[in-house]
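Chains as they are written, first to last, in the numbering used here: chain A, 1 to 110; chain B, 1001 to 1110.
Honestly, the hints are just simulated from the structure, not real lab data. Hints are not guaranteed to be accurate.
[Unchecked claim] Dumping the calculated BS3-like pairs for lysine-lysine here, alpha-carbon to alpha-carbon at most 27 Å:
#1 B/Lys1031 / A/Lys56
#2 B/Lys1031 / A/Lys97
#3 A/Lys68 / A/Lys109
#4 B/Lys1018 / A/Lys41
#5 B/Lys1017 / A/Lys41
#6 B/Lys1031 / A/Lys3
#7 A/Lys3 / A/Lys109
#8 A/Lys97 / A/Lys68
#9 B/Lys1057 / B/Lys1018
#10 B/Lys1057 / A/Lys3
#11 B/Lys1017 / A/Lys97
#12 A/Lys56 / A/Lys97
#13 A/Lys109 / A/Lys56
#14 B/Lys1057 / B/Lys1031
#15 A/Lys17 / A/Lys56
#16 A/Lys3 / B/Lys1017
#17 B/Lys1031 / A/Lys17
#18 A/Lys17 / A/Lys97
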Amino acid sequence: ELKVEQNPLFLSMQEGKNYTIYCNYSTTSDRLYWYRQDPGKSLESLFVLLSNGAVKQEGRLMASLDTKARLSTLHITAAVHDLSATYFCAVDEDGNKLVFGAGTILRVKS
Amino acid sequence: EADIYQTPRYLVIGTGKKITLECSQTMGHDKMYWYQQDPGMELHLIHYSYGVNSTEKGDLSSESTVSRIRTEHFPLTLESARPSHTSQYLCASSEGPEQYFGPGTRLTVT
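Model the full assembly from the supplied sequences, consistent with the hints where possible.
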């Protein structure tokens, strides 16, 4: 059974600082997704990582995937308040069946 | 980007009532999904469909049922709502690796 673990589950950071969210998973997969969710809202797709070594960047966020280590990271550079949200990683278990991590609540303080 | 719609967005209903949550997408995606998300928690897959007349149960046991008579429509039905069904229900669809999420239905059963 595929397990997906995120850490930290809660992250409070100052504006301008850098930090990394980690996503570990338990079985082989080369498809990993990062989503953002604002309070009371649906999920917004951030990154789709489809192979070992994949790296994608959008603004202050950069995601990477190491399928051998079964690890993905979401790196935040020079955080701003607008990045405050909950971030989920999800791993493709079997043909588009996603297993989600518990989510990381990010709060950026000015 | 997929256009995916859910109605109602919010629903408060009494115990024992039958309810149907609607989900429609206009992109012609074959694959559709229902997820359940309790506040502040991860998403759990409760149903999925890979095409017309195809439905499967997901990883989380659910008392709901689904149907897929048309490609664009994937309704979820609760025959007899209970307070334990109080949650947010998110519908998603995909053609390739990426899933696109609807706005969600927030259900409260009193």
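Of the hints stated earlier, which fail here? 3, 7, 11, 16, 17, 18
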